[in-house]
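Trainee: So the sequences go chain by chain: A and B. Counting from 1, one number per residue, gives the positions in the first sequence under the working numbering. Counting from 1, one number per residue, gives the positions in the second sequence under the working numbering.
Rather than coming from a laboratory, the hints here were simulated on the basis of the structure. There's no promise every hint is true.
[To be verified] Under the rule of at most 20 angstroms between Cα atoms (straight-line distance), these lysine to any residue pairs were calculated in the SDA-like manner:
| no. | chain 1 | residue 1 | chain 2 | residue 2 |
| --- | --- | --- | --- | --- |
| 1 | B | LYS102 | A | SER261 |
| 2 | B | LYS35 | B | ASP61 |
| 3 | B | LYS200 | B | ARG170 |
| 4 | B | LYS173 | A | GLU169 |
| 5 | B | LYS35 | A | PRO7 |
| 6 | B | LYS172 | A | ALA15 |
| 7 | A | LYS51 | A | ASP71 |
| 8 | B | LYS173 | A | SER59 |
| 9 | A | LYS51 | B | ALA129 |
| 10 | B | LYS74 | A | THR87 |
| 11 | A | LYS14 | B | ARG170 |
| 12 | B | LYS74 | A | GLU169 |
| 13 | B | LYS102 | B | VAL215 |
| 14 | B | LYS74 | A | LYS14 |
[Unchecked claim] Distance windows between CB atoms, simulated:
| no. | chain 1 | residue 1 | chain 2 | residue 2 | range |
| --- | --- | --- | --- | --- | --- |
| 15 | A | ARG285 | B | ARG203 | 51 to 57 angstroms |
| 16 | B | ARG203 | A | LYS102 | 47 to 53 angstroms |
| 17 | B | ALA129 | A | ALA207 | 28 to 34 angstroms |
| 18 | B | ARG203 | A | PHE251 | 24 to 30 angstroms |
| 19 | B | ALA129 | A | GLY181 | 29 to 35 angstroms |
| 20 | B | LYS102 | A | LEU138 | 41 to 47 angstroms |
Ideal placement from N, C-alpha and C gives every residue a C-beta, glycine not left out.
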Amino acid sequence: MPSDSSPIIEEQEKADLEEIEIQLLTEGIYRHYGFDFRDYSRPSLRRRIWKRIYAEGLSTVSGLLEKILHDPASMERLLLDLSINTTAMFRDPTFYLRFRQKVVPLLRTYPFVRIWHAGCSTGEEVYSMAILLQEEGLYDRCRIYATDINEAVLQKAKAGIFPIATMQENTSNYISAGGTGTFSDYYTARYDYTIFRPSLRENVVFAQHNLVTDASFNHFNVIFCRNVLIYFNNALQDRVQQLFLQSMEMFGILGLGRKESIRYTTVQDNFEEIDAEEKLYRRVR
Amino acid sequence: MARDHRSPADSPAPPLPPGVRAWRDGRVLREAKQKYEIVVIGCSMGGMHALTDILGAIPADFPLPIAIVQHRYKTSNEGLPMYLRKTSKLAVVDVMDKQWIKPGTVYLAPADYHLLVERGEFSLSVDAAVAYSRPSVDVLFESAADAYGPGVIGVVLTGANSDGARGAVRVKKRGGFMVVQDPKTAEAPSMPQAAIDAAKVDRILPLDRIGPFLVELCRNSR
Numbered sequence: 001m002p003s004d005s006s007p008i009i010e011e012q013e014k015a016d017l018e019e020i021e022i023q024l025l026t027e028g029i030y031r032h033y034g035f036d037f038r039d040y041s042r043p044s045l046r047r048r049i050w051k052r053i054y055a056e057g058l059s060t061v062s063g064l065l066e067k068i069l070h071d072p073a074s075m076e077r078l079l080l081d082l083s084i085n086t087t088a089m090f091r092d093p094t095f096y097l098r099f100r101q102k103v104v105p106l107l108r109t110y111p112f113v114r115i116w117h118a119g120c121s122t123g124e125e126v127y128s129m130a131i132l133l134q135e136e137g138l139y140d141r142c143r144i145y146a147t148d149i150n151e152a153v154l155q156k157a158k159a160g161i162f163p164i165a166t167m168q169e170n171t172s173n174y175i176s177a178g179g180t181g182t183f184s185d186y187y188t189a190r191y192d193y194t195i196f197r198p199s200l201r202e203n204v205v206f207a208q209h210n211l212v213t214d215a216s217f218n219h220f221n222v223i224f225c226r227n228v229l230i231y232f233n234n235a236l237q238d239r240v241q242q243l244f245l246q247s248m249e250m251f252g253i254l255g256l257g258r259k260e261s262i263r264y265t266t267v268q269d270n271f272e273e274i275d276a277e278e279k280l281y282r283r284v285r
Numbered sequence: 001m002a003r004d005h006r007s008p009a010d011s012p013a014p015p016l017p018p019g020v021r022a023w024r025d026g027r028v029l030r031e032a033k034q035k036y037e038i039v040v041i042g043c044s045m046g047g048m049h050a051l052t053d054i055l056g057a058i059p060a061d062f063p064l065p066i067a068i069v070q071h072r073y074k075t076s077n078e079g080l081p082m083y084l085r086k087t088s089k090l091a092v093v094d095v096m097d098k099q100w101i102k103p104g105t106v107y108l109a110p111a112d113y114h115l116l117v118e119r120g121e122f123s124l125s126v127d128a129a130v131a132y133s134r135p136s137v138d139v140l141f142e143s144a145a146d147a148y149g150p151g152v153i154g155v156v157l158t159g160a161n162s163d164g165a166r167g168a169v170r171v172k173k174r175g176g177f178m179v180v181q182d183p184k185t186a187e188a189p190s191m192p193q194a195a196i197d198a199a200k201v202d203r204i205l206p207l208d209r210i211g212p213f214l215v216e217l218c219r220n221s222r
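Next up, chain A with everything else stripped away, as it sits in the complex:
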């Protein structure tokens, strides 16, 4: 008789146990450190947790829980793993192109424009938007609030120093995004790095903000949150969309990632589509 030790069942039991361990880990992080990953989308969260388990030389999720509770330095490392999103200057160039074509004309009619870039990571897309706004002659009346959950990546964003190895891709993105100048005019290359013009961050405020646990802090004319919501489950996506709605002026603009959408969220009736493909929306109620 096949005993209780059918390998398939054993593996299923291991997986069920791992789910319990992940719930304990996120609960422990929340109660001890205040970061709330409990409603993060499971498959990505699981991959990122396991990446950290291996890097710490551990073999179970519970082992990681013990380590991060008693060793804050390992929590810092896990926090980086869980919160860094890869990005590039003018990532998805067509997004910036459509923004130029369809949103910039609207912004020209405003005396002052407040922009919230939520989940700005290491800042590449903040500098991209600053460049675009400078080229359109709008930058002087804009203020960009660039926020991220992670203080360490904000420090990088503030410095405005990026590896020179990425500049080829960045330059080609800049051109596809409808850049009207010469991309190399915006930075100075030194050794393996490039330093971006300080004037680009003159009107940028970098600040820590946690989309999951922090409240609205201002009213904005434009909110960008690109490729951040994909890491959240449906319930959390909905809560964050409500936060954006509360933080959004009437006729404000919302820009999401290419594969994100407000469809099926509780705010879908508050917005109309400006560009279906690039996920640009305008608040209408």
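Chain B: place on chain A using the hints.
Mentor: Structure of chain B alone, referenced to chain A:
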């Protein structure tokens, strides 16, 4: 031929044949015909042609969802789904985040995103490339195995790298079924070969047999 008088309890658990799965009913282990729930396919170089061939052989009433990672350029947009729609009798879509998984639909990993599977829905990520690839076959296969366990049918096709090998191992570990394209019939043999070397795959088939085989396998498991 001597009869085997050992009581079943003494004999080691026999390996489960393909298409059969087991579950626990109280203390008793029961077996039943496998019910497959999702097909995941990975391909790279030469994949456009291979996918055309396979999807062309799959009828409109195919009972499972099919999720595909085909390595593609970062900026590729509607080209791949449009191309596959020409031959597929199923609906072909680029996945949106948190899109529901429905049977009889072909879901493509969007350019520059990883495609991951949860029970009932997809999710996307922009995490670093895995084995130089985003989307990555390993990421799709491993998440599908985590979510659907023995309900996964994995298919590794042509490609010039080893993406999919780790994923194939996970699919097998969780009791899923692995089909690999015979490297001799692949435009680029290294990806199917890597999967064969890494995992105990269930079938190695020439390209033109894969589509009909999937249809057969899913019909038998219903």
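Trainee: So which of those numbered hints doesn't the model satisfy?
Mentor: 4, 14 and 18
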